[in-house]
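Novice: Below, each chain spelled out in residue letters.
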Amino acid sequence: MALDSKIPKGPIADKWTNYKNHIDLVNPANKRNIDVIVVGTGLAGGSAAATLAELGYNVKAFCFQDSPRRAHSIAAQGGINAAKNYQGDGDSTYRLFYDTVKGGDYRSREANVYRLAEVSANIIDQCVAQGVPFAREYGGLLDNRSFGGVLVSRTFYAAGQTGQQLLLGAYSAMNRQIGRGKIKMYNRHEMLDVVVVDGKARGIITRNLITGEIERHSAHAVVLGTGGYGNVFFLSTNAMGSNVTAAWKAHKRGAYFANPCYTQIHPTCIPVSGDHQSKLTLMSESLRNDGRIWVPKKKEDVEAIKAGTLKPKDLAEDDRDYYLERRYPAFGNLVPRDVASRAAKERCDAGYGVNATGEAVFLDFASAIERYGKEQAHVKGLDENDAALVKSLGQEVVKNKYGNLFQMYEKIVDQDPYNTPMMIYPAVHYTMGGVWVDYNLMTTVPGLYCIGEANFSDHGANRLGASALMQGLADGYFVLPYTIGDYLSDDIRTGPISTDTKEFEDAEKEVKDKLNFFVTNEGQHSVDYFHKKLGKIMWNKVGMSRNVKGLTEAISEIKELREQFWKEVKVPGTNDEYNEELAKAGRVADFLELGELFAKDALNREESCGGHFREDSVELDGEQKGEAKRDDDNFAYVAAWEYKGEPSDAVLHKEELEFKDIELKQRSYK
Amino acid sequence: MNLTLKIWRQKNANDKGKMVDYKVNDISPDMSFLEMLDVLNEQLINKDEEPIAFDHDCREGICGMCSLYINGEAHGPDRGITTCQLHMRMFKDGDTIYIEPFRAAAFPVIKDLIVDRSAFDRIQHAGGFISVNTSGNTIDANAIPINKHDADDAFSAATCIGCGACVASCKNSSAMLFVGAKVSQFALLPQGQVEATDRVLNMVKQMDEEGFGNCTNTGACEVECPKGISLENIARMNQEYLKASLKG
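Protein sequences appear in the order of chains A and B. So that you can map any letter, position 596 of the first sequence is 596 in the numbering used here, and since no number is skipped, the others follow by simple counting. So that you can map any letter, position 99 of the second sequence is 99 in the numbering used here, and since no number is skipped, the others follow by simple counting.
Check each hint, because a few of them may be wrong.
Claimed, not checked - Calculated lysine-lysine pairs in the PhoX-like style (CA-CA distance at most 25 Å, straight line):
#1 K629(A) <-> K660(A)
#2 K567(A) <-> K47(B)
#3 K399(A) <-> K148(B)
Calculated from the structure, these hints are not laboratory results.
With the hints as extra help, turn the sequences into a complete structure.
Specialist: If you want it as structure tokens, here you go:
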């Protein structure tokens with residue numbers, strides 16, 4: 001099947017408006033006869049479910065957690081971008097569009113990104129109207145902060161809990177519709193398959209995680225807002241339950257999976273401390289507004305710090321290497337995430353890592369504390385030269401901005417970041433790849449939509465900070481509810497979809513057979529045993545730096561591990577009760593397939609772009625020496641993979657990317 | 001360090017349940033409490049025993065999924081944190097640790113340490129929202145300036161993670177801190193004024209129907225709240241409730 005991205009014609013600034021003016025609508029009376037399933041209740045799924053219900057559709061929403069409010073969007077810290085230009089610093093729709101395409105290393109679809117930038121301002125208006133308590137200035141107006149990869153302040157925030165506040169906003173919009181009976185909410189339900197009838201997505205199979213009951217649910221369309229697949233690495237900043245299962249089942253039913261190798265390794269996370277670790281914790285990118293990243297210049301200082309004989313705060317300014325400021329003077333500590341992560345790895349690989357494992361760099365707030373302290377002393381008419389006073393005043397300001405993050409750090413690491421620099425290291429955070437969708441956010445299966453992090457569409461090969469929240473809410477509030485109407489307008493005479501058909505029966509049987517296999521298999525290793533092994537292969541060979549040899553090895557090692565899993569996995573308990581191991585087994589089974597496709601995609605893409613860094617594709621000389629090198633002649637396309645059984649048999653389809661409004665050029669943050 | 005754990009085991013909602021003893025060895029002080037339970041569960045699985053069921057997800061203190069009553073305290077001995085942020089350095093080698101579910105009539109046990117907190121959701125369905133449709137043409141976000149102190153207080157109330165520690169800590173199993181936080185968030189914002197009367201009446205009514213107890217101002221909820229939600233929110237809710245009742 002040829003890929004048709006369905007990008008509307010016309011100038012980029014008019015595409016979305018013209019398109020909306022011409023698509024088919026469903027009249028309010030008919031909406032009452034149409035059912036829509038939404039899987040996942042994070043920012044994308046939650047906002048979509050609420051909006052579809054407001055429009056009059058009958059929505060059934062599903063989440064595996066005990067409440068929609070727990071979806072992992074809640075953990076997003078730093079903020080949400082919007083081209084409001086409240087700061088008067090020259091921001092505009094075009095500039096947000098441009099920054100996002102450039103930040104994504106020219107691997108995203110122009111028309112989608114422009115639309116995202118266009119609706120960004122509406123999101124802020126909508127959220128404020130819902131009662132989302134964004135940070136404000138003393139004049140009562142909304143405050144902004146800066147994020148990586150841009151030269152304006154367009155990030156709206158609520159301390160270090162922006163995701164929480166936005167998700168609770170979407171959750172409140174859902175609650176209103178649940179109360180009205182327009183959303184039927186299924187908590188603690190996991191989607192285990194998509195049901196396709198006559199070529200159209202018409203329902204899902206779910207498992208009630210408490211009773212173990214397998215259920216059939218039908219609808220006229222199915223929307224997946226099920227998040228990213230970072231947990232394929234076992235250790236990531238994702239929640240423990242975050243998984244690829246819904247997206248992968250969709251893939252197996254005909255939805256192409258795009259750019260699986262585009263993964264964001266976030267530069268500022270708390271380093272791994274030992275084998276017991278179950279997850280990694282992010283320290284928001286917003287900290288790079290005020291924190292400076294450094295390692296010692298001299299190896300002997302590195303050793304002294306590791307040995308505990310030298311305190312980092314006692315090291316002289318001249319002996320510190322603020323390597324981001326050195327390498328990227330224009331953007332400094334606020335370079336995009338992929339660039340910052342690679343730079344940290346480069347220093348640590350060269351032997352300058354500052355903790356026991358050699359995999360940590362400093363994020364230092366001392367100069368920010370001093371700067372803010374002096375400012376406060378000045379404002380209050382106090383002595384600017386009293387160091388202790390300045391420090392305490394400065395700490396107070398930093399606490400107001402980032403208090404919850406500092407507390408999280410202190411609890412995990414048992415060190416006080418107000419007095420000693422944080423130690424941080426890159427960790428898997430977000431996946432730009434995902435289910436392929438067209439301009440309507442529909443997958444290659446008619447009637448099956450995919451929104452938010454679960455799709456591939458807007459961030460290219462690298463996502464800018466504070467853009468995930470923007471995309472999730474743009475898709476759910478302002479894009480999908482329009483585009484899905486165009487499809488559903490053909491369904492006004494269809495009537496309710498029966499679950500009493502062969503397609504539902506077959507899908508249900510497949511699901512049940514697999515669950516029965518797990519609980520009866522006489523294996524000897526737990527699910528985590530395999531998940532951790534998979535994670536190690538992914539991190540070592542398909543992580544921040546990739547080469548042909550490692551990727552080839554990874555492909556065969558993952559395949560072997562998968563075969564071993566199906567022979568030796570052990571799942572205690574039964575399938576008719578609450579059984580977390582059983583739920584995990586199904587998720588890891590899917591990760592073991594995705595992981596191989598991921599490595600295959602990385603092997604296919606013989607260029608470096610964004611989060612995908614190939615050691616055989618770097619600039620060899622000139623000002624950009626050592627930086628990642630794209631190959632636009634051969635790889636300016638979206639790699640969309642079609643399922644054909646084993647991941648090794650997956651067939652590649654290319655969506656060529658056209659850049660008409662932005663000139664393709666080397667990304668420079670120097 | 002080596003520890004003795006006394007853990008509540010209950011097969012399902014109908015089972016009577018009991019405390020069972022377990023031993024774990026070589027626990028690192030850098031582990032989180034839930035990672036310590038992961039170690040125990042791996043042991044149990046390898047011995048063909050059923051692992052302990054407990055709720056958890058983000059493991060960074062924000063999703064509100066984790067619970068646990070540890071040595072008689074919701075989220076254990078440390079302050080201002082959830083169980084997933086509790087680290088084993090808070091315990092000593094040789095300690096015996098009691099681990100129970102959050103207990104309240106409105107939070108029935110599902111299995112082992114997992115309880116059903118859907119009563120919280122139902123209270124939110126009753127009024128925890130501002131009735132504004134998604135349209136793309138609401139007024140500009142900066143059209144109504146909001147006093148920074150009010151905005152900050154609304155934010156502080158809104159940081160509630162809905163974990164239920166307040167209910168579990170209260171001798172009356174009262175949910176007033178939880179409900180008060182939501183009522184306060186909207187009461188402090190101009191956008192929340194229009195529906196203020198119905199909101200507080202409906203949410204309190206639902207709260208009572210779910211079987212939560214009343215507030216007798218002991219303040220245990222505030223002490224145990226991982227997000228430091230203030231008792232002031234209960235006072236504000238009472239004030240809102242009185243205003244709404246007088247209005248009729």
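Novice: Does the structure break any of the earlier hints, and which numbers would those be?
Specialist: none
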